[in-house]
Amino acid sequence: MALSKTSTKAEAGRYGVLIVLSIYCLMPFVWLLVAAFDTNAGLFLETPDSVSLNNFYRVFAEEDGLRWLINSLIVCGGATLIVMLLSGFGGYALSRTNAWWKRPFLYSIILIRVIPPPALIVPLYQVMLALNNGMRWLVLQVVPREHMRDVMQIVGFIDGYLGLILLLATMHLPLALWIMKTYFDSVSPEYEEAAVMDGATFGQRLRRVLLPLAMPGLAASGLFAFIACWDDFLVPLTFVSSPELRMLPIGIFSAFLRANEIDYGLLAAIAIVYTAPAIIAFVLARRFLVQTFGGGLKG
Amino acid sequence: MGTIVLNQVRKSFGGHEVIKGADIRIEDGQFAVFVGPSGCGKSTLLRMIAGLEDISGGEFLLDGKVMNDVSPEQRNIAMVFQSYALYPHMTVAENIGFSLDLKKTPKAEIKRRVGEIAERLQLTPYLNRKPSALSGGQRQRVAIGRAIIKEPSVILFDEPLSNLDAALRVQMRAELQELHRSTGATIIYVTHDQVEAMTLADQIVVLKDGQVMQTNDPIGLYKEPENTFVAQFIGSPKMNLFPAKVESVAGDVVRIRTDAGWPIDLPAIEGLRAGPVQLGIRPESLTLAAPHEPAEIETRTVLSERLGMETYISFETGGEPGIARVPGDHSLPSGTPIRLAVDPSACHIFDNDGRAIRSQSA
Ligand SMILES: Nc1ncnc2c1ncn2[C@@H]1O[C@H](COP(=O)(O)OP(=O)(O)O)[C@@H](O)[C@H]1O
Ligand SMILES: [Mg+2]
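Note that the protein sequences, when read in sequence, are chains A and B. Take 1 as the starting number for the first sequence in UniProt numbering and just add one per residue. Take 1 as the starting number for the second sequence in UniProt numbering and just add one per residue.
Next up, chain A with everything else stripped away, as it sits in the complex:
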């Protein structure tokens, strides 16, 4: 009793410190929110004269905001889907196999993550360039010359959606594989065997037993992959040159660099647009992340 008794004064002091610290941490976000709705936003936090959606209007009408957003969503969404699919199957296989190469393989893929991406960018560019030339030759065989540019923007390895998606997926697959492998280690093979005894075909086992059980793992690996792609600046900077393919982080950066005078309201609005999908992804994934599957096993 005596030990846990603290004076109200000390209590108030502690909360006071915490509140000051949180205000300090929250300030940038508050500024962002306020500035985005303020037509005359400046570098300092101030109460706006009038609240308006003018900044957002400009992001989408004057700037190419919608296109940047859609590009980012296509590329990151595509990469995330690929990562979830491959890490789901791959993580399962890595968890269940006893092959001798299992450990060396797991360590070598994580090694890929250890190397800083900027260190790889030049050789990577060369690989992508070679692939791009190959793809160009292939496309030339089937597509008339005047549509060449449009098609290459989709299937090209440089300055094309396909290249961006595959590159980002490859970069973020190792971590996802580790997450899924570790996750499946905790999913007892007896669930599947029970399904075999119940007469489930391979497809039924996958869809009705394994997939529902894998959801928390898939949500985690998908969320991490999506956020990592969404945050990536280097890849869209290096591998995109056409304005039509520009993605959100580069959009913000170019808006920041362009004008002589920095337009804080516009930048804040882009930043909000950039943040929203990441938060939505988190909210979607959270539902599965917190799902716990107790009680299926004894003990």
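Quick caveat, the hints were computed from the structure, so don't treat them as lab data. Take the hints with a grain of salt, since some may be wrong.
[To be verified] Derived, one-sided and incomplete: chain B residues facing chain A with beta-carbon distance under 8 Å: (1) Ala50; (2) Leu52; (3) Glu73; (4) Ala78; (5) Met79; (6) Phe81; (7) Ser83; (8) Ala85; (9) Tyr87; (10) His89; (11) Phe98; (12) Ser99; (13) Leu102; (14) Lys103; (15) Pro106.
[Said to hold, decoys possible] Simulated restraints, written as ranges between beta carbons of each label pair: (16) A:Arg207 x B:Glu27: 37 to 45 Å; (17) B:Arg181 x A:Ser108: 52 to 60 Å; (18) B:Gln74 x A:Leu284: 39 to 47 Å; (19) B:Gln74 x A:Trp137: 46 to 54 Å; (20) B:Leu168 x A:Leu26: 50 to 58 Å; (21) A:Arg113 x B:His16: 31 to 39 Å; (22) A:Phe60 x B:Gly136: 52 to 60 Å.
Keep in mind it's a predicted model, so treat the numbers as computed, not measured. No residue lacks a Cβ here, since even glycine has one placed at the ideal position from N, Cα and C.
Chain A is already provided as a structure; the job is to place chain B with the ligands on it using the hints.
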């Protein structure tokens, strides 16, 4: 119908042989128990019968048909797993009805049959719960429900009662016997617990290191163990084995002297020659002798465990201590001299390889 025959069944995991030629026959409708120490291959044997492991050698026949290459769902065999493996994302009703749902049985029919099973297993109030909201005994019953809804001819159980508390174990044993009676299915039940085996089985198969040591009904195993392994595995505390010599065979009496020097006279046994043997005496075949009564064993106590209604007395033998299980409470401090009388009709003789030597008539 569910008559099971295993002919010289073998299983290897990458060069390592785990089941070394098992011959087992289980009649239709029997409650058979595979018992043996942990790691002896019980689960592996069961999984081969289920079809979850393929059979490396030998034949598995169900009702006379070779089943080696028949897929699990076509064997009409159900299995209750060691961990239960209830689908955690499904409700109790969905768990029980899953096999019917996979076969595209009409929803109404599934609901009716799940209802029936739930009624039988007293699960009706829990049909809409997830497994995580059930107690251990209820989970066990859901696992059973999931097995019997398929109306299988054979039900396999892999250590279903391990990890349950003692009271629940006794209750579940009774429920399993009732289940066996009401379904009429052949049951193969795996356990490492000889008490479970003795109380449940019509037929016990004792396994050791992937080999069948003996197959018999429970009392048959207790009374006539064919080797020292079975003799010591069945019964608690385990049977005493004393190194001994056959001193003389005179008419219908055999005199055996243990290495500790105790002389014991037994009824004559066919084929018993003078020479070294092992004498097996169950702890419950030893009684404390009063001072005026004859007693074969004279020794000192090592330890006495007092359980109230009976006392386990460990005593000196020169080697590993022997143990006697005597009725009543006895306070015998360590080192007390005691005299123990042996029931000659309950003695077992084994040769030096551990095989029982016994008259053919017995
Ligand atoms: N999938 C497997 N791969 C390799 N060895 C195995 C496998 N399954 C079981 N074993 C081995 O087979 C032996 C018997 O195992 P098991 O049948 O599980 O024994 P029990 O159920 O009697 O405890 C053990 O030595 C175990 O290590
Ligand atoms: Mg086992």
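Item checked: Structure versus earlier hints, numbers of those that do not hold, lowest first -> Checked against the structure, the only hint that fails is number 15, while the rest are satisfied.
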